[in-house]
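Enquirer: So you can see what is in the structure, the chains are spelled out below.
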Amino acid sequence: RKEVEQDPGPFNVPEGATVAFNCTYSNSASQSFFWYRQDCRKEPKLLMSVYSSGNEDGRFTAQLNRASQYISLLIRDSKLSDSATYLCVVTAEGGFKTIFGAGTRLFVKA
Amino acid sequence: DAGVTQSPTHLIKTRGQQVTLRCSPISGHKSVSWYQQVLGQGPQFIFQYYEKEERGRGNFPDRFSARQFPNYSSELNVNALLLGDSALYLCASSLVDNYGYTFGSGTRLTVV
Numbered sequence: 030r031k032e033v034e035q036d037p038g039p040f041n042v043p044e045g046a047t048v049a050f051n052c053t054y055s056n057s058a059s060q061s062f063f064w065y066r067q068d069c070r071k072e073p074k075l076l077m078s079v080y081s082s083g084n085e086d087g088r089f090t091a092q093l094n095r096a097s098q099y100i101s102l103l104i105r106d107s108k109l110s111d112s113a114t115y116l117c118v119v120t121a122e123g124g125f126k127t128i129f130g131a132g133t134r135l136f137v138k139a
Numbered sequence: 009d010a011g012v013t014q015s016p017t018h019l020i021k022t023r024g025q026q027v028t029l030r031c032s033p034i035s036g037h038k039s040v041s042w043y044q045q046v047l048g049q050g051p052q053f054i055f056q057y058y059e060k061e062e063r064g065r066g067n068f069p070d071r072f073s074a075r076q077f078p079n080y081s082s083e084l085n086v087n088a089l090l091l092g093d094s095a096l097y098l099c100a101s102s103l104v105d106n107y108g109y110t111f112g113s114g115t116r117l118t119v120v
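In order, the protein sequence lines correspond to chains A and B.
For the first sequence, my numbering assigns the number 30 to the initial residue and increments by one for each residue that follows.
For the second sequence, my numbering assigns the number 9 to the initial residue and increments by one for each residue that follows.
The reader is advised that the hints may include incorrect statements.
[As the list claims (entries may be wrong)] Pair ranges (Cβ atoms, derived): (1) B:F68 to A:S110: 18 to 24 Å; (2) B:V104 to A:E85: 36 to 42 Å; (3) A:E32 to B:E61: 20 to 26 Å.
[Claimed, not checked] Simulated pairs of lysine to any residue, SDA-like, Cα-Cα distance not exceeding 25 Å: (4) A:K71 to B:S15; (5) A:K71 to B:S35; (6) A:K108 to A:L75; (7) A:K74 to B:S35; (8) A:K138 to A:S55; (9) A:K71 to A:Q98.
Honestly, the hints are just simulated from the structure, not real lab data.
Glycine included, each C-beta is placed from N, C-alpha and C at the ideal position.
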């Protein structure tokens, strides 16, 4: 079993749609959780941290369920510019190991 | 302020050779980590350094090594290169451990 698993995608959605990404992690001792965005042939960029209480930044909402070892990212009112790969990230081993999921590709079309 | 800078941006090496990749973190960032990314996959964790000490290591062979200098810059060394080492190597820095990282634009290594 992979340490971090994401929806394989790709997701193809029209502009204005709401899209949700799911991620599960295997290590119950994992400490920190993030969503990163990566554009084609670019470096990953931090989108937002994820907390059990939930975290919202504009159109983006992230949620963590520690009991289920599940992380989600919700994008509302999708824009063309949201087209990218979304990477789920978990830290383990006291925060000294950072594990990325394989990513989920999103295509937003006009 | 400058972001995370990596050098070189592109590199072509022959099987069996050795390579050194360099990374300068954002000013004030003491934590540096290295990742390998092949096309279609997420970055794979190689090393994490904080205050010049190795704090974490991923599942990579001993051919991979790294170090962090007093100014917090870092080098990643790969010995006895294999074709399978061809990838984008990313460096990232953070103020402290367990915090979101800022990535450099990477070094694309091709082994022929």
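Enquirer: Each hint needs a verdict: does it hold in this structure or not?
Expert: Verification of the supplied hints:
At roughly 35 Å, the beta carbons of F68 of chain B and S110 of chain A sit outside the given window of 18 to 24 Å. The hinted range of 36 to 42 Å is not satisfied by V104 of chain B and E85 of chain A, whose Cβ atoms lie roughly 24 Å apart. A beta carbon spacing of about 24 Å between E32 of chain A and E61 of chain B agrees with the range 20 to 26 Å that was offered as a hint. As the CA atoms of K71 of chain A and S15 of chain B are separated by approximately 15 Å, the hinted pair is consistent with the 25 Å bound.
For the hint pairing K71 of chain A with S35 of chain B, the CA-to-CA distance comes to about 22 Å; that is within 25 Å, so the pair holds. Annotation: proposed proximity of K108 of chain A to L75 of chain A holds, straight-line Cα distance about 18 Å (limit 25 Å). Between the alpha carbons of K74 of chain A and S35 of chain B the distance comes to roughly 18 Å, so the proposed pair stays at or under 25 Å and holds. Restraint check for K138 of chain A and S55 of chain A: not satisfied, since their Cα atoms lie roughly 34 Å apart, outside the 25 Å limit.
For the hint pairing K71 of chain A with Q98 of chain A, the CA-to-CA distance comes to about 29 Å; that exceeds 25 Å, so the pair is violated.
Hint compliance for this structure: hints 1, 2, 8, 9 are broken, all remaining hints hold.
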